[in-house]
Amino acid sequence: MRMVVILVILAACLAALVFGGNYALRLATIFAMYATLALSWNIIGGLAGYPSFATAAFFGLGTYASAILQSSGMPMVFAWLLGGIIAAGFAALIGLAILHLKGHYFAIASLALVEVVRELVNINDRLTGGGMGLNLPITHGSVTQQAVYFLGAMATLALITLLSAAAVQRGKLGFALRCIQQNEDAAVMLGVNARLYKAAAFTLSAVFPGIAGGIYASWVHYIDPSDVFDILLSVKPLVMVLVGGLGTLFGPVVGAAVFLGLEEAVWRSFLTVHAAVLGALIVALILFLPNGLMSIARRLPKAGQA
Amino acid sequence: MIYLQVLANGVVLGGLYAAIAVGFSLVWGVLNVINLLHGSFIILGAYVAFFAYSLLGVHPFLSAPIAGLILFAIGYSLQGTVINRVIHAPVLMTLTLTFGLDLLLNNAMLLAFKADYRKVVLDPPLGSIFVGPIVLPLDRVAVTALALLMTYGLYRLLRDSKLGRAIIAIRMDREAAALMGVNVLRMQAMTFAIGAFMAGAAGSLLSIIYPISPLNSITFLGKAFVICVIGGLGSVGGAIVGGVALGLIESLTALWFGPEYAVPISFALLVAFLAIRPTGLLGRRGYE
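Listed in order, the protein sequences are those of chains U and E. Just so we're aligned: 167 in my numbering is position 167 of the first sequence, and the numbers increase by one with no gaps anywhere. Take any residue in the second sequence, count from 1 to its spot, add 306: that is its number in my numbering.
Hints were generated in silico from the structure; no laboratory data involved. Even glycine gets a Cβ: it sits at the ideal position worked out from N, Cα and C. Mixed in with the good hints there might be a few duds.
What the hints assert, rightly or not - Just a few of them, taken from the derived set where beta-carbon distance is under 7 Å, the chain E residues facing chain U: (1) I340; (2) G470; (3) F573.
Said to hold, decoys possible - Here are some chain U residues the structure puts well away from chain E; computed CB gaps all over 12 Å: (4) Y23; (5) S52; (6) I98; (7) K102; (8) V116; (9) V117; (10) G133; (11) T144; (12) G152; (13) S164; (14) M189; (15) S234; (16) V277; (17) A280.
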């Protein structure tokens, strides 16, 4: 069932890319970015059960780090990677300080990170351009060539994120994180180094969004704090994972596709109320489908057997 | 000498900040729900005051209880119909739910009131008084006095009324309270409604100090976070301590580094408090 869904999505994407022109390329790039963010959030939020709202901080940090590195002469791809490493280092340091918090307290602390980093970027306007934003070097090539190039970069990143997520899920780290999610005290009693594993999960949930931020910045050529530190960038991945199914491997990818489809439809038809429609979607999701779409997929074969 | 003035500014803001945060703290403490709607509730209260003054000429100090009652009704129905259904769900669910509800409410306000910043301009203005070398703007002093009065009213309500005792009982032990005959679902709705009342009334008061727009609801939500965490969650005393602390932090950072540092420093302090002293300055669980 899952493989069918994935294959259908992949086939549809390929067909759209071949026939759909620049609009389809743009949508596909956003899809790859959303999938990267959702897969990353799932490691800390889904597997470990820590409700992180810090994704926007990592993403924004990645955009600004790579933009500043590029303006000081670093080649683009290296700047992206270094942006991811900077976001990961930030997450590792902060994680050690706030990962002992539980529930609401952790959520609030991670939310506050976004505000702090955004305001710091706003204030240091000599380095970051402040509220004026930053322009990035123009890349060469035709519009379509560029679109294909950035889609390739973002899709590669999404694939690497998916493979990393799979490795985490199957490996010792995923097992430890699931133990922590179910009962952290018991896990610690049994010798799980919760501190280390949580920090590792938080760091992993930062590195890919950081790189995605770098690619995004080069792709759109212009960044400003209110855009790349938008709190919606923290909430959307979480909603995608809820749509797809918490803690599952492919759930975030499916969720990203469903969310993007809805978002595009809503943007097109209800421009002035798109936030309200997104809000209504979230409310309906929490009330009626708290275990995500994948839970329906899992229920189906059982109904068939009975 | 400048420090006396800065101190006065901080304390004068502090009372209002306490009223902003106390309802948020009550909902968080009793229901274990972080109400991301709180900022929009405050702004909606401020709009009630704005329209009451500009259309009907009703002074914001008089429209504050009306704004509170309107928000009370909204809060009661929201908790009763939607939030009560997921109140036992994990943090992620309740937090995301109130985020979604806030998107709805905030978008509705944007459509109804537009994004323009507006402010109640009192005619005639209240002016200022001089106490020795310190200047005190009278509107701020009056707002803070009323806000503190309101906060004290909430404290007495929780302390002395049957309703208040029932809410505290739920805070201490939901199951035991139900066994003692407390109608838990109804009382949860009342708690959320009281939190919304405080937000609406505080919003009404602050409309004569701050320019308001649906866009800056997040500012007030952020302040409520900082106040609750720094003062200590879930008590009226904590909200007052946290409110005055935030007032002082904002005045002092403005003096030392410039006003643009007020937000990052107060949020950095929030993270530091969470990391080092999550019980806040007062350091005890309260309302009992």
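Okay, the hints, checked on the actual structure:
1. Taking 7 Å as the C-beta contact cut-off toward chain U, the hint placing E:I340 at the interface holds, the least distance being around 5 Å.
2. A hinted interface residue such as E:G470 counts as satisfied when its beta carbon comes closer than 7 Å to some beta carbon of chain U; here the least separation is about 23 Å, so the hint is violated.
3. The restraint placing E:F573 at the interface with chain U holds, with a minimum CB-CB distance near 5 Å, inside the 7 Å limit.
4. With a least CB separation of 26 Å from chain E, U:Y23 remains clear of the 12 Å interface cut-off, as annotated.
5. Against chain E, the non-interface label of U:S52 is violated: not every CB pair exceeds 12 Å, the least being about 10 Å.
6. In this structure U:I98 is not separated from chain E by more than 12 Å, as the shortest Cβ-Cβ distance comes to only about 6 Å.
7. Residue placement check: U:K102 does not keep its beta carbon more than 12 Å from all beta carbons of chain E (closest about 9 Å).
8. Taking the minimum C-beta to C-beta distance to chain E, about 5 Å, the non-interface status of U:V116 is violated against the 12 Å cut.
9. Not every CB of chain E lies more than 12 Å from the CB of U:V117, the least distance being 9 Å, so the non-interface label is violated.
10. For U:G133, the non-interface assignment is confirmed: its Cβ lies about 17 Å from the closest Cβ of chain E, beyond the 12 Å cut-off.
11. No Cβ of chain E approaches the Cβ of U:T144 within 12 Å, the least distance being about 35 Å, so the stated non-interface status holds.
12. The beta carbon of U:G152 is kept farther than 12 Å from every beta carbon of chain E, the shortest such distance being approximately 33 Å.
13. At the 12 Å boundary, the C-beta of U:S164 stays outside the reach of chain E, the nearest C-beta of that chain being 22 Å off.
14. Its beta-carbon lying about 22 Å from the closest one in chain E, U:M189 satisfies the requirement of being farther than 12 Å from that chain.
15. Separation of U:S234 from chain E is inadequate, the least Cβ-Cβ distance of about 10 Å not exceeding the 12 Å criterion.
16. Distance check for U:V277 against chain E: the nearest CB is about 8 Å away, which does not clear 12 Å, and the non-interface claim fails.
17. At the 12 Å boundary, the C-beta of U:A280 falls inside the reach of chain E, the nearest C-beta of that chain being 6 Å off.
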